[in-house]
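Peer 1: Here are the chains, one letter per residue:
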Amino acid sequence: MLKRALGIALLAVGLAAAPSSAQVSGQGGGQAKQSFVVDLPNDAATLDPHLQWDTDSYTIYRNLFDNLVTRDGAGKIVPQIATAWRYLDDTTIEFDIRSGVTFHDGSPLTAEDVAFSIRRIVDPALKSPQLSQFDQIVSAEASGPAKVTLKTRTPYPALFPQLVKLSIVPKAAVERLGDQAFNLAPVGSGPYKLLSWQKGVQTALAAHEGYWRGKPPFPSVTFRVVPDVATRVADLRTGRADMVRQLGPDEAAAMKGDGQLQVLSVPTERIGYLFVNALAGPTADVRVRRAIAHAVDRSTLIEALLQGFGNPVNIVLTPANFGYVPEVKGYEFDPAKARALLKEAGAEGAALSFLTSPAYDRRLVEAVQQMLQDVGLKVEIVALDHPTFLRRRQGRPDEAGSLSLGRWSCACQDADGVIFPLFRSGGLWSKYSNPAYDAEVDAARRILDEKGRLGHYRRAFEILREDVPGVGLYQDFAIYAARKEVSWTPTPNEAFFVFDVKWGR
Amino acid sequence: MARFAAWRLLQAGIAVFGVMTIVFVIMRFSGDPTLLLVPEGASREHVDALRRELGFDRPVIVQYGAYLADLLRLDFGNSVVQRVPAVDIVAGRIPYTLMLAGGALLIAFGVGVPVGVAMAVWRGRAAERLLAAFVLVGQSMPTFLSGILLILVFGVLLGWLPTSGTGGLSSLVLPSVALGAVSMSTFARMARIAVVDELGKDYVRAGRARGLSAGAVVMRHVLRNAAIPVVTIAALEVGNLLAGAVIVETVFAWPGIGQLAIQSIQSRDFLVVQVIVLFVSLVYVLMSLLADLAYAVLDPRIRLHGA
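Protein chains in written order, with my numbering: chain B, 1 to 505; chain E, 1001 to 1307.
Since the hints were made in silico from the structure, they are not lab data. Here the structure is a predicted model, which means the values were calculated and not measured. Possibly wrong hints are sitting among the right ones.
Below, computed lysine to aspartate or glutamate pairings styled on EDC-like, alpha-carbon distance capped at 20 Å [stated by the list, open to error]:
| id | chain 1 | residue 1 | chain 2 | residue 2 |
| --- | --- | --- | --- | --- |
| 1 | B | Lys127 | E | Glu1040 |
| 2 | B | Lys199 | B | Asp179 |
| 3 | B | Lys127 | E | Glu1045 |
From just these sequences and the hints, can you work out the full model?
Peer 2: As structure tokens, then:
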């Protein structure tokens, strides 16, 4: 009797634990897609576009807002809320503001809203982490019913690449709600408006009827938070998600056989590079740095570890950035030459510390370590948590380690946002000092003439080639995956606008 | 009884305070969130200015004093990352954590105890060895592996259950199984030991001699006596289930406080971490207190006032 009772109990428990219903979201084959679901690795930190600037936050909130200017498919800066602009002098720009644009609350977007948005992000009281991107702006005024005049501290060529990221917020709503409430219930003029934000779970958006650029492609869009990449892939396979962000090269390669899915990837403005400390340790000797540049085999890294999701580069900049100079040569892979240089420097067997954090692919770190050991250096990997890594990497030269990987994007597609902070003397990231180099990058950010700027950058990269404070490794690819019905072209600046997505081929 | 409870509460308060202080100091000495917040390429002046604005340039002892002063006013501060009150962020996650812990406990207890009792009753037979293998798998399979396997089999291949997220009860099944598996094995082993222990005692033989069936003896008498160690384990397991759900929550995209804790530690969102630590340590303390009190209910021989 006891045994039977036990048997029944076990069976009952087994049944209770068994699934009761299947749940797979249907794929709307044929008719219009009602709801578009995107899996992101993280929730938005803020939905106020003037606060956090991390990929997951802006992937969501940029769909709620319009930008002053934007980039077209070819990467050219084109009008969005500004319809035209002109330089009144080298530091004063006048913008014409589009009429007929309304915010989600029905109020019209005015020149006053644009001027307010610019002043808000540069106001220290907002404590915006993005302030550094806009700090060359000294004033913004509505100078007419549909005109805004903006002044910069000095002539500033990177202004427009930065303004691509400036979302326009409604002055009245921000002032009425206050910063904290506006972050939780943002109002924009973009193609989608916020329906609900369940922190840590999902953000639901609904189409903004009467959007000035036309009807948004889906009545509703949901961004879900799915931290584990294997789970994002499972969601995609079962149709629970239509698109997922941030896949590794391995997951992307594994997906190639699945006819229901597609991998969408694009070479971005993000540069993978090897930092080499020019101010401290064995790498203070330029011959050791040149030896390192000769010892690294880019094509092996790209083919074997990145599965081809990367393009080799000669310099610490990608072709997607202004200031890229293809004529500057790189260091060819030549272990013999590397060994000779080390011998000349008396640095055979020199001990280098290679700082890294979970933000960097451990396999890449180990592959580079192996390549450097092969030419006779002793490389010790120092694994740190990311805040500690940043503190050391940005701290004193003698604490910054000899080597570390970097994956850098300024989201501005301009050399000024890359090699200025990385190598300009005195910068947080710079462990290098050469007045001739400083003069070139300083000059390039003070003139508006593009040809003149390119000349400065060519000379700057020639100096960097001699001094090797960093080795360009590869142009990073952004990798997304989507159901096969999705038609969308990813962009080099890693922007994701649902408005540009189409469903069905 | 009341004095005992008061004394235990005081001890618990000191423990919680100590944990809070340790976490505060460790977090502060491992870097602050400023560098994680600024975009790449921010200048030294901007980093310093933001750090000053956020108050992380002050000495740790000053920050700690300010923190305690705020705590006394029940102000837990704002998240520097999300710019909303830390308490609201954590409170929003607690229901999910409770749901998952509840589901996992149901599976752990509902499967573990019957399996353990069965193993005791059937000890030495093939059936016990079979169940022992089952228990071993539950105990030794790491959740990041079992979680992905469950998703692959029941989510992708069979399509019976959602692969991730929080839509309804069906979403709760897989994460509960993954999380409950380890505790299930603990319950099974504890229940087996306790029942085997009791089965050897005189009252069992006496009961059988009185003509009661083996089932009736186990159900009416043995289980009640075997319950005490199992209840202790249950109380401790609740704490583990609340705090140990980090991996399961990440794999299944379940928005509980384990996932939040990891994210907040990574982004050095100090005040959110503090609130989570406070919550988890309170739960631990409360649970062990409840276990103590539960003994009294189950076993009148235990006298609490002397403890």
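Peer 1: Does each hint fit the structure? Answer for all of them.
Peer 2: Do the hints match the structure? See the list:
1. Only pairs whose Cα atoms come within 20 Å are accepted, and Lys127(B) paired with Glu1040(E) is accepted, the gap being roughly 16 Å.
2. Under the criterion of a C-alpha separation no larger than 20 Å, the hint pairing Lys199(B) with Asp179(B) is consistent with the structure, at around 18 Å.
3. The straight-line distance between the Cα atoms of Lys127(B) and Glu1045(E) is roughly 13 Å, inside the 20 Å bound, and the hint therefore holds.
Figure legend: structure checked against the earlier numbered hints; every hint is met.
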